[in-house]
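Chemist: These protein sequences, in sequence, are chains L and C. Just so we're aligned: 84 in the working numbering is position 84 of the first sequence, and the numbers increase by one with no gaps anywhere. Just so we're aligned: 1053 in the working numbering is position 53 of the second sequence, and the numbers increase by one with no gaps anywhere.
Note that these hints are calculated values from the structure, not bench results. C-beta: ideal position from N, C-alpha, C; glycine also. Among the hints, erroneous ones may be present.
As the list claims (entries may be wrong) - In silico DSSO-like cross-links for lysine-lysine, where the CA-CA straight-line distance does not exceed 30 Å:
1) K1124(C) - K1086(C)
2) K1124(C) - K3(L)
3) K3(L) - K1058(C)
4) K1058(C) - K1144(C)
What the hints assert, rightly or not - Which residues of chain L face chain C? A partial, calculated answer using Cβ under 8 Å:
5) L4
6) F7
7) A57
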Amino acid sequence: MVKLLYFARLREALGTSEEEIAVPDGVTDIQRLMAWLAQRGGAWQEEFTGCRPLRAAVNQELVGNTSGFHDGDEIAFFPPVTGG
Amino acid sequence: MVRVQLEDFDAGAEITRLRLARPDTGAVAAFIGQVRDLNEGAEISGMTLEHYPGMTEKALEAIVDQARQRWNIFDALVIHRIGALKPLDQIVLVVVSGAHRGEAFSACEFIMDYLKTEAPFWKKERTETGDRWVDARSSDDTAKQRWTENQ
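The following block holds chain L by itself, in its conformation from the complex (with noise of 0.2 Å):
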């Protein structure tokens, strides 16, 4: 199980703020994790296709697409930060 997270117009985007779930073996990485939720369809294939910038964090650390993660870990999707 890892825990999912979504943040600002991802979040409203995709109409959901966390989940946790299981993950199929060969799912390993943020690239084939973010394949595997497009499969959803609709909005999720709409946001994970990489058609707008997305940033992810494994464990509360932006990561690179090709980083890897493991059970139990905490994987945040957000867009591009805007603060200050």
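Start from chain L and add chain C according to the hints.
Modeler: Chain C only, in chain L's frame:
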């Protein structure tokens, strides 16, 4: 020190605290960011700041640590507000103290440039035609980039 809070802050009091913390302090640099009533050609009546609790604090601490490693500064403070804000409200305060102005100025600017691109905050603006999420600006990436080029 890093604080993420709903409440407003007293910039003067924070600056004074860092200024008086040690008698070998010769310089205190500070930056305040505030809400404008205009953005991308539209009038802004307010905004909401969302963040990622937990990661926000860690990201800000990491940025302050980097600044401390890079420059010989005494202390650095970051206060960033979240929640509902209106034009002229303060959003962010960065205060850096040190022996001399050069390092305090640079560290203050570095912290803001990294905060803009790495700290998980998102702004949603209220305009006459509805609410809209603010898009990230490429000029913020460019501003951050120069710190790696200058190294």
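Chemist: Now tell me, hint by hint, if it's right for this structure.
Modeler: A quick look at each hint next to the structure:
A distance of roughly 12 Å separates the Cα atoms of K1124(C) and K1086(C); the hinted pair therefore holds under the 30 Å criterion. Straight-line distance between C-alpha atoms of K1124(C) and K3(L) comes to about 25 Å, which keeps the hinted pair within the 30 Å bound. Of the supplied pair hints, the one linking K3(L) and K1058(C) holds, its CA atoms being roughly 19 Å apart against a limit of 30 Å. Distance restraint check for K1058(C) and K1144(C): the Cα-Cα separation of roughly 19 Å lies within the 30 Å cut-off, and the hinted pair is therefore satisfied.
Because the closest C-beta pair between L4(L) and chain C is about 13 Å apart, greater than 8 Å, the hint is violated. The closest approach between the C-beta of F7(L) and any C-beta of chain C is roughly 6 Å, which is under the 8 Å cut-off, so the hint is satisfied. With its C-beta approaching chain C no nearer than about 6 Å, A57(L) sits inside the 8 Å limit, and its interface hint holds.
The structure fails to meet hint 5 from the earlier list, while all remaining hints are met.
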